[in-house]
Structures are given as C-alpha cells and as structure tokens.
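*Asks:* With the hints as extra help, turn the sequences into a complete structure.
Number of protein chains: 2
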Amino acid sequence: MEVFFSDDIGGGRCRLSPEESRHCVKVMRHRTGDEIHVIDGRGSMMDCRIEEASADGVVAVVSETHSGWGGHPYELVMAVCPTKNNERFEWFVEKAVEVGVDSIVPVIGDRSERKEYKIERACRIALSAAKQSLKGAVPAISAPVTVRDFIAGSSPDALRLIACCFDVGGPRISVCKALVGFSGRRVEVLIGPEGDFSAVEAETATAAGFVPVSLGASRLRTETAALTAVEAVYLRYME
Amino acid sequence: MEVFFSDDIGGGRCRLSPEESRHCVKVMRHRTGDEIHVIDGRGSMMDCRIEEASADGVVAVVSETHSGWGGHPYELVMAVCPTKNNERFEWFVEKAVEVGVDSIVPVIGDRSERKEYKIERACRIALSAAKQSLKGAVPAISAPVTVRDFIAGSSPDALRLIACCFDVGGPRISVCKALVGFSGRRVEVLIGPEGDFSAVEAETATAAGFVPVSLGASRLRTETAALTAVEAVYLRYME
Chain A
1 MEVFFSDDIG GGRCRLSPEE SRHCVKVMRH RTGDEIHVID GRGSMMDCRI
51 EEASADGVVA VVSETHSGWG GHPYELVMAV CPTKNNERFE WFVEKAVEVG
101 VDSIVPVIGD RSERKEYKIE RACRIALSAA KQSLKGAVPA ISAPVTVRDF
151 IAGSSPDALR LIACCFDVGG PRISVCKALV GFSGRRVEVL IGPEGDFSAV
201 EAETATAAGF VPVSLGASRL RTETAALTAV EAVYLRYME
Chain B
1 MEVFFSDDIG GGRCRLSPEE SRHCVKVMRH RTGDEIHVID GRGSMMDCRI
51 EEASADGVVA VVSETHSGWG GHPYELVMAV CPTKNNERFE WFVEKAVEVG
101 VDSIVPVIGD RSERKEYKIE RACRIALSAA KQSLKGAVPA ISAPVTVRDF
151 IAGSSPDALR LIACCFDVGG PRISVCKALV GFSGRRVEVL IGPEGDFSAV
201 EAETATAAGF VPVSLGASRL RTETAALTAV EAVYLRYME
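Chains as they are written, first to last, in this note's numbering: chain A, 1 to 239; chain B, 1 to 239.
A hint or two may mislead.
Treat identical chains as interchangeable: a pair holds within one or across any two.
No farther apart than 20 Å at their CA atoms in a straight line, the calculated lysine to any residue pairs in the SDA-like style are these [stated by the list, open to error]:
1. 115 - 2
2. 177 - 74
3. 177 - 236
4. 26 - 157
5. 131 - 194
6. 177 - 238
7. 131 - 177
8. 177 - 239
9. 177 - 132
10. 177 - 119
11. 131 - 218
12. 26 - 119
13. 84 - 165
14. 84 - 94
15. 26 - 71
16. 131 - 30
17. 84 - 183
18. 26 - 57
Everything labelled a hint here was simulated from the structure, so no lab data went into it.
These numbers come from a predicted model, not from an experiment.
*Replies:* Dropping the structure here:
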C-alpha cells in the first residue's frame, strides 16, 4: 500500500504538491480515475479518486476519510539533543516516527557540542517515514530550543522524564518503573547530549516536576537512548 | 573510557592485533607503562599495563580481570532475515549490540530477496559497538542458515518467539505478554524478511514450540521490528 501526502484539502478534494504529483503520475504512473490513498499529516487518511492526473498538480476527489489512521494510544513528545553526527539524529527521527511519536523537539543543552540545528531534512525524513509506516499523522519537528526553555514550556499534566546518567537528589528509577505507575496519555522525555545534562539542567528539570530516570545498565549513544525511551513508551501501551 | 580488544591472552599477558596495536600506539599515543583496558570478547575486561608499546603488537600485563563486564541478565539470540538494503541490517547489528544481545543469526526465509549474507562487515560492526558501549562480550554473528534450520536447531528450554504479521492457529499475543509470563533467561526471536514468513515457515515454527507474537500496531521495517524485539527483552529484564 502506498500513500501520498497533501496539506491542500477542501471542498471534498485534495491537491498534491508538485513533488508528490510527479511521483504519483511519473513514477507510480497513476491516471485519471485511479484510486489513491492520501494522508493529511494530521491523523487522517483519505480514500480518493484522481480527477486530474497532472504532473504539476494532481487533484483527487475524497470518497472516505479515516481519522486516527495508524495512531497510537499515547501522546509522546521527545526532546532530544541533536548528535554531533547529524546522520545519527536523522536515524532517530526515522525510527521514532515508525514506532510512534507525536512531536520531536531538538534541544540544546549546556554541554551540547552542536548549538544549532536546521530542521528541514528531519521534517522530510519524518514525512517519508510516516508515509512508509502508514501513519496519518506526521510528527512535528519543532525549531530547536534550549533545555531550559523546553523545561519551562513543558506540560505539568504530562509524565515528564529526564534521562540522565547521574542521580539527582535520590537515586533514579528505571524508565519502566516510571511508566508503569502512570495512567495518563501524555509523556514528555528529555534526552541529553553526548556529554550528558549539566547538574543545573537536571536540577531545574526535577524542580519543575521531571522524574529523573535510568534507561538501564547499557551505555547507550544519544540516539539509541532516545529510541529506547520511545520503545519503552510504545511497549508500555501495547495491549 | 576506551577499551581495546584482544583474543590472544595467556601467561598473565594480552597481545593486541596489529590493527588494535596501531590504534593504541599511533592514534591514542600510549607508551610503555600506560594503563589500558582490554576486553576478551567473551565477557571479561582486563585492567592492563603496557609492557611493549610496539605499533606491530602491543603486549600488556594483566593486573585485574572483571568478568561479566557490561553484561545483561538474559541471553538473547536474534535470528533476523537480512534486509535488501544491507546498511539497514548493519544498523540493527550496531544498535542491538549497544542495547544488549548475545548472538545474531542472519536467517534466509522462503520470501527473502537476499539469499546470501557475508558476515565479515557485521562482525566488525559488532566488535566496534561492543567496545564503544563498554561490553566485555562481543556478540557472535553466525553464518547464515535457513529459517527452517534455525527452527530445527533452536533450544526447547528457551522462550522462542516468531514475529509474523499474520495469525497462526489462534490470534497472536503481544511480545510484552509473551515475555511477562516467562521466568527463564534465554530468549530466541525470529524476525522475517520484508515479505514476511511463509505460512509453512510460521507453522513449522509453532509446531516446534515457537510462540507467534505481534510487535504492536505499528508497521515496522524489518530492522526496526528486530530492534523493537531486542528493546522489549532489554526492558522486560530491567529492574
């Protein structure tokens, strides 16, 4: 099954971008009258029939809309410090979208070697992974913020976790223990840079209500730690 | 902390290979008398002191041996069909080693597009990932076998799981449910190719005692499915 993406939907029709249109008509060789599947990136998948098969702009009539398509029973925000090697962060984006995430926030920590992050490529990877893994919602990749700003803007009603490699106040609990005791839906996870969070960042987070957690005994790279947290949430909500 | 690897240990000394020796002497600039850490690839890490700092063959005297170094409380065999795109399988090898796996068996299924697999690069990646993630044991990468031969050679006392995308006999249970009810240590997991297992393979596996499991609602690529199974085991045994 192949899906296309459109953010231009209205009047019972959706229009594909020039890039999606070329792929639809030139590569997949779709013609007027063909049935195609289109996601809106906000959670829905539409069964459509092509009305105009132009390589500049395919127009398709929506016959049915499936909301919550390929969704998951939780709401997960991953705030992750971009890795020095950008490929590793992009790999995380692809895998997190496949498994199930709602929002990825590149965060810059006190010890981040990478102080800037351009989100364009990550956005394209997220769109591609959502289409490939048949999800109606394309996770948002936010503009980067500092760890402190992320903490200040976090949701008090979410289960908020900070995965750091040292104890803050008391000893850390495992991510599994933190998740088991939570009955809500929204989880926010902070993952630090290669050099970990600073003590001040960890203290600021716990003072704001974040639970310091361990991701187990293995020494994980930043992107593996981030994916492990996504998997822990995915598996926790699995029936 | 940096570790070297040696499989030439005896008489209270370990000798590094020419490649490891060059890295030790030329890149890390170690000299006679320096302390280094060396893994034996079978679970132990040795504190050593360099006796001969030659770029052709470093010799170091072992002062202390730490067994079970960077180990985990389970024994996990991952039998995974290599992906068409080899990079994706190699990525799985790196990440599985980081998280914690004991053995990776490339398996060839009825519907595998890739019918052969050369293990040399995967072995190098496993060694590098074990050193990087501070594990004394380097997971074994076996020569490829068919899915049927893997099933025939599997251990009846292990929890054996086959992750297929269709029901076999009754409905599949989730990988989490299968793991929760198991009190042993050894887990063996079969992950199919892009086109899934054949019905005959799935039936052969269940007849031999494999439990058919689902990896949840997300549609995962082969390598992501395989890593999700590793993470499920890692998280299940986390305290």
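*Asks:* Hint by hint, note whether the structure agrees.
*Replies:* Each hint tested on the structure:
no., hint, result
1, 115 - 2, "neither (37 Å within a copy, 26 Å between copies)"
2, 177 - 74, "both (17 Å within a copy, 19 Å between copies)"
3, 177 - 236, "both (10 Å within a copy, 11 Å between copies)"
4, 26 - 157, "neither (48 Å within a copy, 54 Å between copies)"
5, 131 - 194, "between (31 Å within a copy, 16 Å between copies)"
6, 177 - 238, "both (16 Å within a copy, 9 Å between copies)"
7, 131 - 177, "neither (33 Å within a copy, 29 Å between copies)"
8, 177 - 239, "both (17 Å within a copy, 8 Å between copies)"
9, 177 - 132, "neither (32 Å within a copy, 27 Å between copies)"
10, 177 - 119, "neither (33 Å within a copy, 38 Å between copies)"
11, 131 - 218, "between (32 Å within a copy, 12 Å between copies)"
12, 26 - 119, "neither (28 Å within a copy, 38 Å between copies)"
13, 84 - 165, "within (19 Å within a copy, 36 Å between copies)"
14, 84 - 94, "both (17 Å within a copy, 18 Å between copies)"
15, 26 - 71, "neither (30 Å within a copy, 52 Å between copies)"
16, 131 - 30, "within (18 Å within a copy, 50 Å between copies)"
17, 84 - 183, "neither (36 Å within a copy, 40 Å between copies)"
18, 26 - 57, "within (12 Å within a copy, 59 Å between copies)"
Consistency note: the structure conflicts with the earlier hints numbered 1, 4, 7, 9, 10, 12, 15, 17.
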